[in-house]
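Those sequence lines, one after another, are chains A and B. If you use my numbering, the first sequence corresponds to residues 1 to 192, in order. If you use my numbering, the second sequence corresponds to residues 1001 to 1192, in order.
For the record, the hints were derived by calculation from the structure and aren't laboratory data. Only true hints are included.
FRET-style restraints, in silico, Cβ to Cβ:
hint, chain 1, residue 1, chain 2, residue 2, range
1, A, Asp91, B, Leu1094, 56 to 62 Å
2, B, Ser1041, A, Ser86, 15 to 21 Å
3, B, Asp1091, A, Gly129, 33 to 39 Å
4, A, Lys190, B, Lys1152, 33 to 39 Å
Looking from chain A toward chain B, a few residues come up when the C-beta cut is under 7 Å (computed):
hint, residue
5, Ser2
6, Lys3
7, Leu11
8, Ser41
9, Ile45
10, Pro49
11, Asp80
12, Leu128
13, Ile158
14, Thr166
15, Val168
16, Tyr172
17, Val179
18, Arg182
The beta carbon of each residue, even a glycine, is placed where N, CA and C say it ideally should be.
Number of protein chains: 2
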Amino acid sequence: MSKVNIPPVVLIPVRSPLLVGVNVDSKPNFSTYGAGGHVSSSPPIMAVPFMHQRHTLKGVRENNNFSVNVPSTKQANEVDYCGVVSGRDTDKVLDCKFDVFYGELKTAPMISQCPVNFECRVLHLLDLGSHVVAIAEVVKTYISEECLTDGKPDMETINPLLVGMTGVSSSYYALGGEVAERGVAGKEIKRG
Amino acid sequence: MSKVNIPPVVLIPVRSPLLVGVNVDSKPNFSTYGAGGHVSSSPPIMAVPFMHQRHTLKGVRENNNFSVNVPSTKQANEVDYCGVVSGRDTDKVLDCKFDVFYGELKTAPMISQCPVNFECRVLHLLDLGSHVVAIAEVVKTYISEECLTDGKPDMETINPLLVGMTGVSSSYYALGGEVAERGVAGKEIKRG
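Isolated chain A (complex conformation) (with noise of 0.2 Å):
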């Protein structure tokens, strides 16, 4: 397979769009993140780029801390709107009708209407260049009611939001269908 150098970039073409919550001057403010991830289990750490100029990143200096929401293919609109207008043109928690509630650490706004949220609390800072990136341990996790099954998280009613970047296109997708089983599929190979 003939392999072609494209100047370097982060080129993961799927990733899940987060809205990043935080308080910033005590009012609730919420943006769209189509990078970081999770980067250690116990304890659960999440690593969240943030640009220097960023209205966000003022919050996280304020408060320590901050939220995720991960969003279903119905906030769509929201999460473009939340990805291009600034926190400090406008008050997009009214604009997007978000019912916003705060858990333990009282100060890192949520959104109701996204299926799962988590609080994050930083531990680290790290400037890496364009960005400023918060190492931050996940205290609390919130999943809306009817996205459990047997008490546990179901794909198929969390309806997960995907966002889509290659240079060709730029969109936002649903999960589609299944190709394999996971923990299955690696039996078709035979050890050597």
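Fit chain B to the supplied structure of chain A, relying on the hints for placement.
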């Protein structure tokens, strides 16, 4: 919407599984990661977590670099296999029939069959508990020639594999249908 607390966990239900490549004792080895992500753009930086006991971490420490290989739906069996089998016990390159190539860093093995590959140079290793997180700069990005359309990465031919983990189910998926266009969907929201 009624919310329920579950034990604190990074519940991002859908992720892009990544095949991480390292040389261990000068031999290529690949392991599957369902975590980590993009944490800065300029320079392009990834955060990738490694479990302390992982064979892969030995290779990262030896070479101070690794590769990230983005699989397509065609590699579901190999992705699953490389997530459950250790390179201590078998030669996963032979078992999976991976066609391995090297690039600028000389010791970060890449998989020709994966549509997208990047070489990463480690900047920091952070011990966060269960995992050591590598903060690493992407120095070169490679893409299979047939995945370019007009010189740009094309989602359709990349055809990325996704992994979904929710508790109820744990499977590999393809990307689904388009829900909304990025940069357009948000225009449905009116500024208050």
